[in-house]
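Using the sequences and the hints given, assemble the complete structure.
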Amino acid sequence: MNGDEAAIDAAREIERSNVPQKVPTQVVYELYVGVGHSERTSREAETIRSVLQTRPIIDFTEDVAKQAGCIDGQLRRDGSRIGQGDIRIAATAIRHNEPVITGNPNDFNRIPDVGVREY
1 MNGDEAAIDA
11 AREIERSNVP
21 QKVPTQVVYE
31 LYVGVGHSER
41 TSREAETIRS
51 VLQTRPIIDF
61 TEDVAKQAGC
71 IDGQLRRDGS
81 RIGQGDIRIA
91 ATAIRHNEPV
101 ITGNPNDFNR
111 IPDVGVREY
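Going by the UniProt record's numbering, 117 is the number at position 117 of the sequence shown; the sequence numbering is gapless.
Treat the hints with caution; some may be incorrect.
[Stated by the list, open to error] Distance ranges between label pairs, derived from CB positions: (1) G36 to N106: 33 to 39 Å; (2) T41 to D63: 33 to 39 Å; (3) R76 to G115: 18 to 24 Å; (4) R40 to R16: 25 to 31 Å; (5) T25 to E118: 19 to 25 Å; (6) H37 to Q84: 15 to 21 Å; (7) E118 to R81: 17 to 23 Å; (8) R77 to A6: 31 to 37 Å; (9) G73 to P105: 20 to 26 Å; (10) V28 to D113: 36 to 42 Å; (11) L75 to E30: 31 to 37 Å.
Calculated from the structure, these hints are not laboratory results. Values in this document were obtained by computation on a predicted structure and should not be read as measured data. Yeah, the Cβ is synthetic: ideal placement off N, Cα and C, and Gly gets one too.
Okay, here's the thing in structure tokens:
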């Protein structure tokens, strides 16, 4: 989260709407990259732990991996590349019929069938 106020505000707004917030394992990984990069590692880790403990984590399963592979292959065929992490997040969202909530929708908007909610 690392001080991204827009992300924090979006999470609070969704929380108020009582919509379940599922978190892909790729997002957990990316959050903890931020912990490792933070000057305040223990504080950042505690913030993330408190957020994650109230939300279901969605695993990167074989079905999600197959979906991600197809997405990556289609993008490569079309000459369009995006990060592997974003592909995994999009595939997880598609397989679980959930939107991706992001402050940077450009890459996700190039993936068919993924719903995107920008903050």
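Status of each hint after checking the structure:
1. G36 to N106: 33 to 39 Å: violated (26 Å)
2. T41 to D63: 33 to 39 Å: holds (34 Å)
3. R76 to G115: 18 to 24 Å: Distance hint for R76, G115 holds at roughly 23 Å.
4. R40 to R16: 25 to 31 Å: holds (27 Å)
5. T25 to E118: 19 to 25 Å: holds (23 Å)
6. H37 to Q84: 15 to 21 Å: Since H37 and Q84 have Cβ atoms about 19 Å apart, the given range 15 to 21 Å holds.
7. E118 to R81: 17 to 23 Å: Holds, at about 21 Å.
8. R77 to A6: 31 to 37 Å: Given about 34 Å between the Cβ atoms, the range holds.
9. G73 to P105: 20 to 26 Å: Roughly 22 Å apart at Cβ, these two residues keep to the hinted range, so it holds.
10. V28 to D113: 36 to 42 Å: At roughly 23 Å between Cβ atoms, D113 and V28 fall outside 36 to 42 Å, so the hint is violated.
11. L75 to E30: 31 to 37 Å: violated (20 Å)
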